[in-house]
Amino acid sequence: MTKKRNNIILFCFLILLAALFLFPIFIVVINSFKTKFSIMGSPFTMPDSNTFAGLDNYITGIQSSGILGAFLRSLFITVLSVLVIALFCSMTAWYLVRVKNFLTGAIYKTFLFSMIVPFQMVMYTMTYVVTKIKFNNPVGIIFVYLGFGAGLSVFMLSGFVKSIPKELEEAAQIDGCNPVQIFFLVVMPILKPTAITVTILNAMWIWNDYLLPYLILGTGNKTLPVAIQIAMQGAYGAVNWGGFMAMLVLAILPIIIFYLFSQKYIIEGVIAGAVKG
Amino acid sequence: MGIYLSFNKFTTVENAQWIGFKNYWLAFSNTDFLRALGFTALFTLVSVITVNIFAFLLALALTSAVRGKNVFRTIFFMPNLIGGIVLGYIWNLIINGVLNQFGVDISYDAKYGFWGLIVLTNWQLIGYMMVIYIAGLQNIPRDLHEAAQIDGATRFQALRHVTIPMLMPSITICTFLTLTNSFKLFDQNLALTAGAPARKTSMLALDIYNTFYGRAGWQGVGQAKAVIFFLIVALIAFAQLKFTSSKEVES
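In order, the protein sequences belong to chains A and B.
Residue 221 in the numbering used here sits at position 221 of the first sequence; the count goes up by one each step and never skips.
Plus 1000 on top of the position in the second sequence (first one is 1) and you've got the numbering used here.
Same shape as in the complex, but just chain A (with noise of 0.2 Å):
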């Protein structure tokens, strides 16, 4: 009987949570609706009939700010480099793992090191380089992502080829298979829950990085989080908070609505992820 009944205690407490954990999201898309003026400083408010500004917002901060350009460019981006960071370092892995010599090791290692070190560490130097080979624009970066994703994605993935069996290989070997066919007919199937990890830690990162976007393509090729950033910026003192939430919903909304559909993935991924790195 008190068993029953803390449970419903629990239960109402988490509700209680839950909706304290949905609030910011909640406020933000209440302020969207708001006329700009209304949104600093009382930003519990519910809109009324004075400050209810309908999609006004959403106009204003489409137009201004450029942002269906950023969303469709971070799209490009981080899809290309999931992608490529997934074939190459699958690729990578099954070559460190099958030939081992010493400079394979070495290069392990590198990876591994890699993994380590922050990105302040290299910020300054890799921008220069980076431009000075014409990097700078959306399709070098998904080389630079490349880079700085293969550590990890290297290591997760060369975990797993470990316990994959050789006979496996040396059958398809015996059948005639050359070894790209043995990478794409028989290798990359059985890796693929692994690099589907690898992928999806890979995006969560890549389409909410700030920094390596703003620092490599700056103003001219914003990504969605350089959008956001150089919207509040830009203006100072004359921030249109209105269509900023509005900003703020669109780049949101598509997160929640891909999570909810593939959150299956993304909190196993997230596990295996933890356990490995």
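For the record, the hints were derived by calculation from the structure and aren't laboratory data.
The beta carbon of each residue, even a glycine, is placed where N, CA and C say it ideally should be.
All clues stand as given, with none of them false.
To give an idea of the chain A side of the interface with chain B (calculated C-beta under 7 Å), a few residues:
no., residue
1, PHE11
2, ILE27
3, PRO225
Keeping the supplied structure of chain A fixed, place chain B upon it in accordance with the hints.
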């Protein structure tokens, strides 16, 4: 290259000039840097403790026989997917909204910025850590709890002597994840306070960035600060490696 440049004075990479340890000396005599170091350390300490305690309690609640576990898990994890910049501005709005009742805003006192960052980090990281704790809790075999119950252990004793020791791997992982995440925090810091007032709330990553791009001729110092930052992060990583491998030997 980064380490080499930390011993040079330069504005672009090409005109580097060897000046020995001067950059390090400048970095350590720079009050901004020392303050950022202290601020980051304190922030990391508080957020590691709060995030892990809340995440652990939530995980315990969500592995008990309560209804709607999956819905709650979905909600608690959600903030984690929102990027640092967006998160920072959401909380900027809310915290300023609250402080506005008292006629001040977040840049009024460094204390507000500090607790603002703590709340923000908790909001973001609790869900992530909770998911890892739940996975850990589900891996504990049921018979252990039954055995404890038969031996007459109270719920608290079972928690203290069965659950927590069995959960040590998850606790280690989560502690180090929050540790490195809080230590390297940048986006949230930039969007929430940008160091205001007077750089009192800028953390290490933001201070390094400001030294690089905000002060001409100080790029070398920025690089020296970055090397120090790297050494601290590397130290944390090695501590983690040592800690996890020693735990594996025991079990």
